[in-house]
Structures are given as C-alpha cells and as structure tokens.
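Just so you know, the protein sequences line up as chains A and B, in that order.
Quick note, the first sequence lines up with residues 1 to 202 if you use the numbering used here.
Quick note, the second sequence lines up with residues 1 to 302 if you use the numbering used here.
Everything labelled a hint here was simulated from the structure, so no lab data went into it.
Some hints could be false.
To be verified - Which residues of chain A face chain B? A few of them, derived with a C-beta cut under 7 Å, are:
id : residue
1  : Gly33
2  : Ser34
3  : Pro102
4  : Val166
5  : Leu167
6  : Glu170
7  : Val171
As the structure is a computational prediction, the values presented were derived from the model and not from experiment.
Cβ coordinates follow ideal geometry from the N, Cα and C atoms, glycine included.
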Amino acid sequence: MYRVLLYLIAGWSGFFVMAIELLGGRLLAPYFGSSIYVWGAIITVFMLALSLGYLAGGRASLTSPTLRRLAAILMAAALVTLPVLVLGDTMLDRLSVVLTDPRFGSLAGAALLFFLPTFVSGMVSPYAVRLLVADRSSSGHHAGKLYFVSTFGSAAGTLLTSFYLVLYLEVNQIVLLMAGVSIAVGILAWLVPAAEPCGEAT
Amino acid sequence: MRRPVMRPRLVALLLAIVGALCGGSVFADQVLIHTEHSLYRQVLVYDDGSGRCLCFTRLCAIGRQSCVDLKRPDYLVFDYTRMMLGALLLSPAPRSVLVIGLGGGTLPHALAGLLPDARIDVVEIDPAVRRVADQYFAFRPDARVRVFEEDGRAYVRRMLRTDQRYQLIMLDAYDHQYIPEHMLTREFLTEVRSLLSPGGVVAANTFSSSRLYQNESVTYAGVFGSFYNLKSNNRVILASAGTLPELDAIRRNADQLGPALSKLGVSMPALLERFTTSPDWDPNARVLTDQYSPANLLNAAP
Chain A
1 MYRVLLYLIA
11 GWSGFFVMAI
21 ELLGGRLLAP
31 YFGSSIYVWG
41 AIITVFMLAL
51 SLGYLAGGRA
61 SLTSPTLRRL
71 AAILMAAALV
81 TLPVLVLGDT
91 MLDRLSVVLT
101 DPRFGSLAGA
111 ALLFFLPTFV
121 SGMVSPYAVR
131 LLVADRSSSG
141 HHAGKLYFVS
151 TFGSAAGTLL
161 TSFYLVLYLE
171 VNQIVLLMAG
181 VSIAVGILAW
191 LVPAAEPCGE
201 AT
Chain B
1 MRRPVMRPRL
11 VALLLAIVGA
21 LCGGSVFADQ
31 VLIHTEHSLY
41 RQVLVYDDGS
51 GRCLCFTRLC
61 AIGRQSCVDL
71 KRPDYLVFDY
81 TRMMLGALLL
91 SPAPRSVLVI
101 GLGGGTLPHA
111 LAGLLPDARI
121 DVVEIDPAVR
131 RVADQYFAFR
141 PDARVRVFEE
151 DGRAYVRRML
161 RTDQRYQLIM
171 LDAYDHQYIP
181 EHMLTREFLT
191 EVRSLLSPGG
201 VVAANTFSSS
211 RLYQNESVTY
221 AGVFGSFYNL
231 KSNNRVILAS
241 AGTLPELDAI
251 RRNADQLGPA
261 LSKLGVSMPA
271 LLERFTTSPD
281 WDPNARVLTD
291 QYSPANLLNA
301 AP
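Just need the whole structure built from these sequences, with the hints factored in.
Below, the structure is given as structure tokens:
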C-alpha cells in the first residue's frame, strides 16, 4: 500500500503538471495570442520551475522524510494553483497592457501564474525516490520505475486533457478538478497509517 | 528555405486523383513551385501556368487558401471571397477596414481596388505567408494597405486600447485543418464588436458542416444578434454592430455596387439569393467561450 501510494502520488503529479500546462496555453491566448512564442514561454516556465523543484524536493528529503510530508507537498501544489482561478484574468489583462511585447508578456504571465505550482510539483519525484529506495543497489531500479510512472502520468494528463476534458468542461472546471484529485490523493496518503518506510538503511 | 520541386509528376497525379474525387479542382496539372516550413505550417504554392494557389497542405484540393487566375488577377476564384465582399452590401463604403488572415492577399487586394479611399490593415501571424504573398501573389503593402505580423486577437485587444476603430472587419483566419480557438469565442467576438465603429460590419469566413456549425452559430448570434448567413461550401457570416440592414437596403446597395463587383467575378443575383437570416441551427448548442473552446475537436466531429 505504501509503495502503491508513492507511485500514485508521483504519477498523479505528472498528470497534474501537464494538464495545467496545456490549460496555461488556453488561459494566456486571449491576452497574448497562441503564437509559437507563447507556447515557448509556457514551456520555458514549466521546465525551469520543475528543474528548481527537483533541487528543492531532493533537499527536503534529507530531513526526516515521510509519506505524510510528501502528501502535503502534493496538496500544497494544488492549493497554490487556485489563485489562477481567482486572479488569472485580471492579472493577465493588466500584464498585457504593461508588457505589450507578447513574448515577454506571456513569459511573465506564465511565470506569475504557474511557476509556484509547478515548482512544488517538481519536488514530488525526488522526494518519492527517497521514500522508495531501500538500498543503493536497487536505487536506480526504483528511480527508473518512478520516472516511468511520473512521465507516463504526464503523457496521460496531456492526452486526456487535450482530447477529452476540454470537450466537456470549462478550463477553470478542469483546474478545479485537477486540484480536487490532488487533495483527495493527498488525504488518502495522509490517512494511511505510518507503515514501514522502506528506506531507513543508509 | 526554398527547396527543389519534389516529384512534380507524382504530385500532379495525386492532385488529379484528389481533384477527380472531390470534383472541386479549379486548375488542372498543378506544379509545386514553392514549399517551405513556416513556424506554424507548411506553405505551398502550386501553379499550372494559368492559375496559382496557396495551400497549407499537399492535398491542395482541400486545403487551398487562396487562388489567383494569372490572366485575370482581379478575378475572385473562390466563392467564399465573393461572399465575403457581400459585407459591402451592408455598408458600401467603409473608410477603415481590418482583415485578419492574409493568405495570398486576395481579399485586401480586392478591397483596395473597390475602396480607393479606405485604409486597410491586415493582420497575419505567419511571416512566411506574408513573404509568399509578396513573392508569388504580388501582394505589396503600401501606405494605404498595411500588414501587421501579429496574433489576430492580440492585435484586436491592442487596438481596443487606442482610439482606432474599423468600419469593416473581416475574419479570415480559420481553415479546415486548424482553427485558432481563441478567435472563435464569445469574448473575442465581443472584442471585435467593440472595435467596430457604430454601425460597423463584420464578415467571417467560417464552417458550413460539422458539429461546430451549431456552436459557432449560437456564439455569433449571442454577440451580434441576427446576422446574414451565406452558405456554399464555406459559410460566411455578415453581422452588424448596429441594426442589421434590411434586405431592401441590401438590394439598393447591390444595384450601386453591381458593376464594380461583377468585374471581380461576383454575380449579384447569385450573391443576393444567398442572403438569409433564418436560423437553421440548434439554439441549445453550447456557446464557445474563452473557458470552453474546443473548436477543432468539434470541427472534427461529424
């Protein structure tokens, strides 16, 4: 159960990040268009935020890592996404007046709205690796499986969002749905009794 | 970026087959004279000696964007461009015109000829399309006809913050393969309406089949109220920011513009016959908004 939850969290986090990234394009388009550089700006922000999130997640895993804390990271990522719903349009509107060049406008807009949730989401994978790895010899094996689950989740999030979810739901409803699932998965992991963390050996 | 012509015979054969299947090929024996990959798409130019077409797909019979008859460069080859000029029957002498989507420059060229006093602004997102329009379709901007390389919606929003308003706005940015979804929403059309002068007219080249027809119709009707709905293979929506002119007024303008338009290949009786305001769509279809805009998915649905 413990391992299943670790994989579930990593996989869902991958799903979450890509769903939000796709919707980011939708949210920016009315203000900056859907030119190639708008997508360039969004992808840049997401990659940068993830890379720094990996650093932070690895660092956080050094001090008494627990499944509960990992669940908290997942839920935190969902919560810091919510300002997008409340402030997104007002902020992008103002920004498009101040920064008239759509390249830097979209870069700033994407950074303000999506840097934090993506950064926190990036913390999930390295933290989960720490909880998963029991010893050095199997560490690569576990890390590989975790990357698989996380990136597979990203692929699923991309496909389901762009092919199906946008056909039935509004952008904000999808963001809420994603955040809701993150909270649900987080609560589930939080409630699991602190079972054997499989990596106390150093 | 220019590459040698690739297997022109094979392409010609393929085109002939496609043309025969679709029964819609204007020119036979087309030869690919230019192709390049732009930031957004493949841009191809076909030529058969008498006519020249701009295409965004190798299956040119489906994806033609613009065609010119080289012997009669002012002649409008496509039905839809003739229907777009139907906008002039609502408002015969606009002095400021915005065209979103350049293509081969057919529409701005025709408008510049018909409206010698008008200023015409064209917005085109793809620098390659602008280059190709210049090199292969002799489209040359000047002091009166300007081209802006920009996303159409970003341009509209930018202009809304200035005093600039237009008496005629033409939306020609959609094609069968790809619709810029942020330019087919209630919010965008509201912005377009705000960018029109009082009584200004919008003409949109859109879709006549697929599920999208329903959503698109209710979205336009929600913003503009009643509109003229002209249909052939394409569909052209003609709407007004003020009161939609009655058919009597349309006919009067048609009498006035008839001679000028007939030089471009527009048959006025055939055009007038298409003017109808009667709704033939599902009024309960879902309105497209910035929050809900799966236009491409809906267009792919039967």
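Against the structure, the hints come out as follows:
1. Gly33: holds (2 Å)
2. Ser34: holds (6 Å)
3. Pro102: At about 6 Å, which falls below the 7 Å cut-off, the nearest Cβ of chain B leaves the hint on A:Pro102 intact, so it holds.
4. Val166: holds (5 Å)
5. Leu167: Interface hint status for A:Leu167: holds (5 Å vs cutoff 7 Å).
6. Glu170: holds (4 Å)
7. Val171: Result: holds, 5 Å to nearest chain B Cβ.
Of the numbered hints listed earlier, not one is contradicted by the structure.
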